[in-house]
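Build the complex from these two chains, which are given one at a time in their own frames, with help from the hints.
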Amino acid sequence: MFGIYSKARRVFALEIIALVMGLGLFSAPSMSADTIKIGVLLPTSGGGASYGIPAENGIKLAINEINQAGGVNGKMLEYFIRDTKLKPAVASAAARELITKEGVHVLVGAVSSGVTLAMSEVAKQEKIILFAPISKSIALTESKFHKYMFQSSANTNIEGRVMAGVMKKVEAGKICATGYDYAYSHDFFASLESNLEEGMAIVDTFYVKLGTKDYNALISQLMGSDCDTVAGLIWGGGFVSMVKQANPFGLFDQKKFVWGAEVGSHEMSNSLKGDYPEGMWANSYDLWYSPLSDAHQAFLDDLAELEGQKETNMYPVTTYNAVKFLAKAIEISGGTDSDALVTALEGMAMETPLGPMTIDPETHRTETGEFWGPMKKIEGSDVLRMSPAEYVY
Amino acid sequence: MRPRGGVQWTLFGLFLVALVPVVGERYYVDLTTQILIYALFALSLNILVGYCGNLSFGHAAFFAIGGYACVILTTTYEVTLIISLGLSVLISAVAAAAIGYVCVRLAAMHFAMLTLAFSMLVWSIAIKWTPVTGGDDGFVGATLPDLISNPVSFFYFALLIFSTGLILLRVICTSTFGRAMIAIRENETRATFMGMDVRKIRLQAFTIAGAFAGLAGALLGLYNRGMYPESAFWTESGQVLIMVLLGGMHSFIGPVLGAAALYILETMINQYTEYWQIVLGVILLGVVLIAPDGLAGLLSGFRKRKDDSVTGVDSE
Numbered sequence: 000m001f002g003i004y005s006k007a008r009r010v011f012a013l014e015i016i017a018l019v020m021g022l023g024l025f026s027a028p029s030m031s032a033d034t035i036k037i038g039v040l041l042p043t044s045g046g047g048a049s050y051g052i053p054a055e056n057g058i059k060l061a062i063n064e065i066n067q068a069g070g071v072n073g074k075m076l077e078y079f080i081r082d083t084k085l086k087p088a089v090a091s092a093a094a095r096e097l098i099t100k101e102g103v104h105v106l107v108g109a110v111s112s113g114v115t116l117a118m119s120e121v122a123k124q125e126k127i128i129l130f131a132p133i134s135k136s137i138a139l140t141e142s143k144f145h146k147y148m149f150q151s152s153a154n155t156n157i158e159g160r161v162m163a164g165v166m167k168k169v170e171a172g173k174i175c176a177t178g179y180d181y182a183y184s185h186d187f188f189a190s191l192e193s194n195l196e197e198g199m200a201i202v203d204t205f206y207v208k209l210g211t212k213d214y215n216a217l218i219s220q221l222m223g224s225d226c227d228t229v230a231g232l233i234w235g236g237g238f239v240s241m242v243k244q245a246n247p248f249g250l251f252d253q254k255k256f257v258w259g260a261e262v263g264s265h266e267m268s269n270s271l272k273g274d275y276p277e278g279m280w281a282n283s284y285d286l287w288y289s290p291l292s293d294a295h296q297a298f299l300d301d302l303a304e305l306e307g308q309k310e311t312n313m314y315p316v317t318t319y320n321a322v323k324f325l326a327k328a329i330e331i332s333g334g335t336d337s338d339a340l341v342t343a344l345e346g347m348a349m350e351t352p353l354g355p356m357t358i359d360p361e362t363h364r365t366e367t368g369e370f371w372g373p374m375k376k377i378e379g380s381d382v383l384r385m386s387p388a389e390y391v392y
Numbered sequence: 000m001r002p003r004g005g006v007q008w009t010l011f012g013l014f015l016v017a018l019v020p021v022v023g024e025r026y027y028v029d030l031t032t033q034i035l036i037y038a039l040f041a042l043s044l045n046i047l048v049g050y051c052g053n054l055s056f057g058h059a060a061f062f063a064i065g066g067y068a069c070v071i072l073t074t075t076y077e078v079t080l081i082i083s084l085g086l087s088v089l090i091s092a093v094a095a096a097a098i099g100y101v102c103v104r105l106a107a108m109h110f111a112m113l114t115l116a117f118s119m120l121v122w123s124i125a126i127k128w129t130p131v132t133g134g135d136d137g138f139v140g141a142t143l144p145d146l147i148s149n150p151v152s153f154f155y156f157a158l159l160i161f162s163t164g165l166i167l168l169r170v171i172c173t174s175t176f177g178r179a180m181i182a183i184r185e186n187e188t189r190a191t192f193m194g195m196d197v198r199k200i201r202l203q204a205f206t207i208a209g210a211f212a213g214l215a216g217a218l219l220g221l222y223n224r225g226m227y228p229e230s231a232f233w234t235e236s237g238q239v240l241i242m243v244l245l246g247g248m249h250s251f252i253g254p255v256l257g258a259a260a261l262y263i264l265e266t267m268i269n270q271y272t273e274y275w276q277i278v279l280g281v282i283l284l285g286v287v288l289i290a291p292d293g294l295a296g297l298l299s300g301f302r303k304r305k306d307d308s309v310t311g312v313d314s315e
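So the sequences go chain by chain: A and B. Letter 138 of the first sequence, counting from 1, is numbered 137 in numbering that gives the first Met the number 0, and no numbers are missing. Letter 78 of the second sequence, counting from 1, is numbered 77 in numbering that gives the first Met the number 0, and no numbers are missing.
No wet-lab data here; the hints were simulated from the structure. Keep in mind that the hints are not guaranteed to be accurate.
According to the in silico footprint, chain B covers these stretches of chain A (three or more CB under 8 Å from chain B) [claimed, not checked]: (1) 86-93; (2) 110-118; (3) 134-144.
The list that follows gives simulated cross-link-like pairs (lysine-lysine, DSS-like), each with its CA atoms no further than 27 Å apart [said to hold, decoys possible]: (4) A:K255 with A:K272; (5) B:K127 with A:K212; (6) B:K127 with A:K143; (7) A:K212 with A:K255; (8) B:K199 with A:K208; (9) A:K168 with A:K208; (10) A:K208 with A:K255; (11) A:K254 with A:K168; (12) A:K376 with A:K254.
A quick note: this is a predicted structure, and the numbers were derived from the prediction, not measured. Built from N, CA and C at the ideal position, the CB exists for glycine as well.
Isolated chain B, as found in the complex (with noise of 0.2 Å):
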């Protein structure tokens, strides 16, 4: 979970996204903008999948929520966006508490089919609570002050949260705490012995994983400039965790990977044909047979092999 120069590859990385809207046009420039949201969603997830064990396929419903209270806020009650921001955090990390106060008393399957419920549940309300939410039509037409109106200055702005969230995430895994989830998801009995509290564990571990996604879901409601209520829908919870695990759950920054590679292939393979879900599946089938570690860790395996090669030590 803690690669070789983590941090250097990670800060590296930072650095050339930045450069993205001096080299790239203004597609790759949006097209980066989507990317670091879903990423951000993502990592969010690898928190209770990865580093947890807790499979959830409605992690969607707070990314929803995030991304709902921020065009609610700022739109609907004219208030200041890092404000907007803040509460948007606030108020998905107060409802994962609350779903994961019911949720992670129960293991496993139970536990995944139990946050799909509630998932389905924030999508009616979503759909019904139409004063608010606007209903089957979504939250359409939500204010950006004009500091981050245009793409390039979004993007920066998406970039700025991105890399906070990365670090904050980072700086969780790695923690005491990181450890411990770590130790419940190999072992859940041996880590109740050895003296942990097991489920308020869980609990923390899922509120923030909330959290994060609520504010990914605010980034992608201010980027749209609206929210829908198909991002609550089961669908968008099973393609975030399409993108973990095609990224590598074991890795912190295998989800970002994922979700970098299946953002790109959805839009260029549908840029090329009306086939795109066949392709896309071949494609997914093959990483998935080829690299069952993710991409991160087809990746390091990758480096390992170069290294030994240059070490002359003959890893076949």
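So here's chain A without its partners, still in its complex pose (with noise of 0.2 Å):
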């Protein structure tokens, strides 16, 4: 009889538990009443962590700076951060559930375009603020745009121009341009046509699938095209990949290479230390060696303290200003209403690490610059300089 009991007992316990846990499931969620909430959207794991956890950084660092100073009209910053998973359809599960749940009253992200143009939908539809500080597809504030969408990242319109500067400079001649074959290097590649001035021009393009490993058929069409300089797009884990594959090849040493999706950066120098192509201009949203200003060595400093390395990433400095433009929209409106946030930050100028920016009113972007240079071997390092480094908008 005791171990029919028991039995029951077990099945019964097991019942309660799962009452509670449900109960759990539909109490109220914990929220600090006395908060200014912020929802960051990022990549997190898989192939996009290494843009999305340094991309945090910039969040703590901006955050930790403005609640050691007393916050923000009284009130702490806190932020909440969510997994992308570079998943359109997860990014917005994930941006709903920051606002409905726990009360997020802007939103920061993400690194995909295609991600954030979803995560634009859900702003648009709850009346929330979306701040894109990295996505850099110009839909955002065009073709898609509406009046709670800020993007502060260098959009392909700005990149294209200023590569369109480079080219000048490396009297590019006849141009091949190569980069995934999706939205970003359309635009991205449609700006610089547009800027080029006259004896310079687009002569092939050679379109590689995202994410593909095997750079051996591009590398065959770079050095059989009769272009003098290379225009390229290809980014991260695949820009490493090409370069590796190419250089037995001595591609670099055939034609001139100007290089977009900041692979200028440290992250990506250092990934490739002496196999990284010597003389290839390129860009980077910020660089440790090359302070502009006190104001940004400060940053720099500080920022090295966060992550533990005076190597420090490029991506902090995106989220940091987005942060920051949020913050003082926030002081200025006296309150977190989305409507009055929006006229706050209408025409916000303010100064950055690099320098002064100012949203533009009408299309809600900011003219943000980038580090352009040629990347060249410093003595007592394997890893590759961008020198001289010009801070260029």
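Right, dumping it as structure tokens:
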């Protein structure tokens, strides 16, 4: 008899646990009533983690600074981060969860343009500001623009125009363009082409599948082309693979190379070390060894302390600026009402570690610059650096 | 496959789900809507995997086709919602019939690989056909009728579609056709000798599964106000397969439990740690080891032990 009761009790106990868990699911979420909540959506796992995790450091740094100075209008900032997994549907669901469960007042993110476009749709429906510091697609603030969308990244229009200036410097002549076959590359090269000066033209375009690891066909195509300069946009791990596969063929000795997509960052040159093609013109959002001002140096020092390394990443500055813009808007508007924040952000000018930035009241974009320059070997180090590095808009 | 009192429990479950907007906050309304969509998707796959015994790695193709068809019809061509939904199901069914016609000629792993290949073909089309699908950025900004633009009204709309799908699938699975699918799963050779047109039944199952996946995809497209190429990617097929296995592929309602469990786990763990993959992996591993027949098998095991203990039968 005892055994029977024991089993019945076990089953009953399990039912109770299930019931309690069910009730827990429906109980009110824990919320800190007196804080300003920022919802952050970044890829923190898989292939996008190398972008998302450093970007989170910028958020942390900005929030630490603001809170140490007493917060905004007496309220502390806190952030809630969710992994987008680089999937638009996942990011949409996470954005909704941050708004409806955590009660965030603004959203910041993401990395991939497709993911940010999906989040933008949620922001539009929920009437909440989405600040995009990294995604470059111009569609965010053009064809899919809505009043709650703000973009502070160097978009394809800016980056293409700046690269056209670099092409003039290197006397590019005939150009072949190569990048991943998706919106970013297409929009970028359209901008580059429209900004090229007379005597320069894109004569060949070679697209490769996003995420490909085998660049042999591309290398043959580039070597076979009679172009003088290669304009590239392959990024991240793909750039590393492409360079390692191209080096044995001497591809980088045959032509001039101008490469966007932030392959001039320390992260990228550190990955390739001695394999990095010397002389390649490249760009980066930030460079730890090239402070523009005392304020920039102070930012780099603080970031170095947070990251535990003096060779800091380039993405933190983008998210740092986004949080600073939002905090200033909250301070000016005196609250977190989205419409009031939009009014405060439109036309807002702010001093950032990289200089002054202003949000265009019409397009909701900022003119974000980037460091551009040729990559060179530095005595005593096997990691190439951009030298001279010029910060251009 | 026909649990005792299953219909009553299912109706009771649907009644409880219908109460979510009444007792729960907005977050739970959204969460339940998403679960309903993925539960319908998982139920559709179970027609193939659980009933017919055909492992598909490309089921997301029909999910994406239905989703894209619906948002394109409602937004680009301004077709009414009901007609768009109907056409989305029809287009998904036609695509499934065409793809299935080739796939059902093969068995086991070859079948699975071919479904995967077709799924990636659909994904490539979604990426490349930019003027129609929005390309890599996806189809963003789908329009919805005012009637279902509110989260609560959309929830009841999704619940209505899910319930309809659930009932239809239940009717199909408990029909003679459902029995024929089980017969094929259990012993294809014997089913052939019994006079069944195995290839035809497998094709019909493939088409039905594709049609209901398309319906789930259409719901997702409407819910997200957009559709994205990732929905056709093989990882999406893998995820829905995990939902089916987790819930129990030899139970009609198992995929619903699997979809709910996986979706809640993914969402909740992501809220507490950036290392959600490790935690989720450990939990899934534990569930699979403890309950090889899925959550439905675990629940029926508990119920059996409870009944045994009440009647004094020692099952140990």
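Hint by hint, here is what the structure shows:
1. Only residues whose C-beta sits within less than 8 Å of a C-beta in chain B count toward coverage, and the segment 86-93 of chain A has 6 of them, enough to reach three; the restraint holds.
2. Three residues within the 8 Å Cβ limit are the bar, and the segment 110-118 of chain A against chain B gives 4, so the coverage statement holds.
3. Judged by the Cβ-Cβ criterion of 8 Å, the segment 134-144 of chain A is covered by chain B as claimed, because 3 of its residues qualify and three suffice.
4. Using a Cα cut-off of 27 Å, the hinted pair K255 (chain A) and K272 (chain A) holds, with the two alpha carbons roughly 20 Å apart.
5. In summary, the hint linking K127 (chain B) to K212 (chain A) is supported, as the alpha carbons are separated by about 20 Å, within the 27 Å threshold.
6. With a C-alpha separation of about 20 Å, the suggested pair K127 (chain B) and K143 (chain A) falls inside the 27 Å cut-off, and the hint holds.
7. Proposed proximity of K212 (chain A) and K255 (chain A) is supported: the alpha carbons are some 23 Å apart, at most 27 Å.
8. For the proposed pair K199 (chain B) and K208 (chain A), the alpha carbon gap of about 37 Å is over 27 Å, so the pair is violated.
9. A distance of roughly 30 Å separates the Cα atoms of K168 (chain A) and K208 (chain A); the hinted pair therefore is violated under the 27 Å criterion.
10. Distance restraint check for K208 (chain A) and K255 (chain A): the Cα-Cα separation of roughly 23 Å lies within the 27 Å cut-off, and the hinted pair is therefore satisfied.
11. Only pairs whose Cα atoms come within 27 Å are accepted, and K254 (chain A) paired with K168 (chain A) is accepted, the gap being roughly 15 Å.
12. At roughly 19 Å between alpha-carbon atoms, K376 (chain A) and K254 (chain A) fall within 27 Å of each other, so this suggested pair holds.
In terms of the numbered hints stated before, the structure departs from hints 8 and 9, listed from lowest to highest.
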